[in-house]
Amino acid sequence: MSNLRGIALVLFAMAAFSVEDALIKALTESLPIGQVLMIVGVSGTLVFMIAAGDGGRAATVRAALVPSVLLRTLSEGVGALTFVTALSLLPLSTVAAVFQATPLAVTAGAALFMGERVGWRRWLAVVAGFVGVLMIIRPGAEGFQAEALLVVVTVVVIAARDLITRRIPPHVASVAVSCHGFFAVAVSGAALIALGDRPVMPDGSALWKIGFVVLCSTTGYYAIVAAMRMAEASALMPFRYARLVLSLAIAVVVFAEHPDAMTLAGAAVILCAAFYTYLRERKIALTSQAA
1 MSNLRGIALV LFAMAAFSVE DALIKALTES LPIGQVLMIV GVSGTLVFMI
51 AAGDGGRAAT VRAALVPSVL LRTLSEGVGA LTFVTALSLL PLSTVAAVFQ
101 ATPLAVTAGA ALFMGERVGW RRWLAVVAGF VGVLMIIRPG AEGFQAEALL
151 VVVTVVVIAA RDLITRRIPP HVASVAVSCH GFFAVAVSGA ALIALGDRPV
201 MPDGSALWKI GFVVLCSTTG YYAIVAAMRM AEASALMPFR YARLVLSLAI
251 AVVVFAEHPD AMTLAGAAVI LCAAFYTYLR ERKIALTSQA A
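In this note's numbering, the protein residues as written are 1 to 291.
Calculated from the structure, these hints are not laboratory results. For glycine and all other residues, C-beta sits at the position ideal for the given N, C-alpha and C. One should not assume that every hint holds.
[To be verified] Okay, derived cross-link-like pairs now, SDA-like style, lysine to any residue, Cα gap no bigger than 25 Å in a straight line:
1. K209 - P32
2. K283 - S2
3. K209 - L248
4. K283 - D162
5. K283 - R117
6. K283 - F239
7. K209 - V254
[Unchecked claim] Restraint-style ranges between C-beta atoms, simulated for each label pair:
8. A59 - G140: 47 to 55 Å
9. S288 - R167: 18 to 26 Å
10. M228 - G140: 36 to 44 Å
11. D54 - T219: 20 to 28 Å
12. M262 - G119: 25 to 33 Å
13. G140 - A58: 48 to 56 Å
From just these sequences and the hints, can you work out the full model?
Structural data, given as structure tokens:
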């Protein structure tokens with residue numbers, strides 16, 4: 001029963017994140033990117049500072065002195081900046097498809113920088129996923145958008161963030177890590193504003209979008225945390241890929257996008273490669289436990 005509840009929470013979180021991405025894309029049509037980042041970052045920081053409670057706020061602030069938390073915060077800020085910029089410039093379907101390569105980048109990074117053993121099968125899956133990315137962005141082809149490289153940068157930076165997260169000491173609370181992550185998003189937005197990304201007064205339509213972005217980002221995070229605590233990670237992981245399906249549906253229905261056959265094929269390659277990597281890692285883990 002706990003696994004079923006966990007799966008339901010993961011599906012809710014993926015839906016929340018998909019809606020958040022769509023709303024952010026819509027917001028960047030009327031508001032500067034820096035302002036969007038600033039609003040989301042400040043709102044999220046306040047939410048998690050409140051969630052930390054009176055006894056946890058001092059510990060949350062002190063967590064900034066932990067080197068791994070500082071590095072993760074930096075990567076979070078850069079990743080948010082490149083991701084939101086990509087959303088503002090590219091079709092949602094393109095961003096969502098390429099972003100699914102993140103687990104493959106984590107696998108490669110774990111092997112290259114953390115000494116984890118990755119066999120040839122998983123390396124082939126990583127290469128296949130990279131081919132899928134190339135199928136979507138098509139560098140050198142007619143109609144190639146250099147902005148698509150922003151999503152690739154996002155994948156690399158977010159993969160680094162996830163790897164750094166593994167190095168955060170157990171005594172640092174998840175709420176503190178999340179609070180600093182949102183703070184980094186706010187700093188990224190403030191930097192863009194300081195560089196000339198002048199804010200504008202949001203209208204009524206923008207205000208309700210902002211409210212839903214904050215709601216989706218915070219509830220999505222809590223749903224993921226709750227799911228990971230009550231259910232087995234191996235049971236939850238396949239359902240995280242629901243985000244791609246939901247994002248593609250939103251792209252078609254809301255933004256009237258029509259991904260071409262090559263984009264859909266590239267997304268399928270990335271999805272299959274990531275799912276195979278997950279299955280392979282699960283098999284290796286089960287074999288190790290049996291031994």
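Do the hints match the structure? See the list:
1. K209 - P32: holds (14 Å)
2. K283 - S2: holds (22 Å)
3. K209 - L248: holds (20 Å)
4. K283 - D162: holds (22 Å)
5. K283 - R117: holds (14 Å)
6. K283 - F239: holds (18 Å)
7. K209 - V254: holds (14 Å)
8. A59 - G140: 47 to 55 Å: About 50 Å separates the Cβ atoms of A59 and G140, which means 47 to 55 Å holds.
9. S288 - R167: 18 to 26 Å: Hint holds: Cβ distance 21 Å, inside 18 to 26 Å.
10. M228 - G140: 36 to 44 Å: holds (41 Å)
11. D54 - T219: 20 to 28 Å: holds (23 Å)
12. M262 - G119: 25 to 33 Å: holds (30 Å)
13. G140 - A58: 48 to 56 Å: For A58 against G140, whose Cβ atoms are near 53 Å apart, the range 48 to 56 Å holds.
Comparing the model with each numbered hint stated earlier shows that all of them hold.
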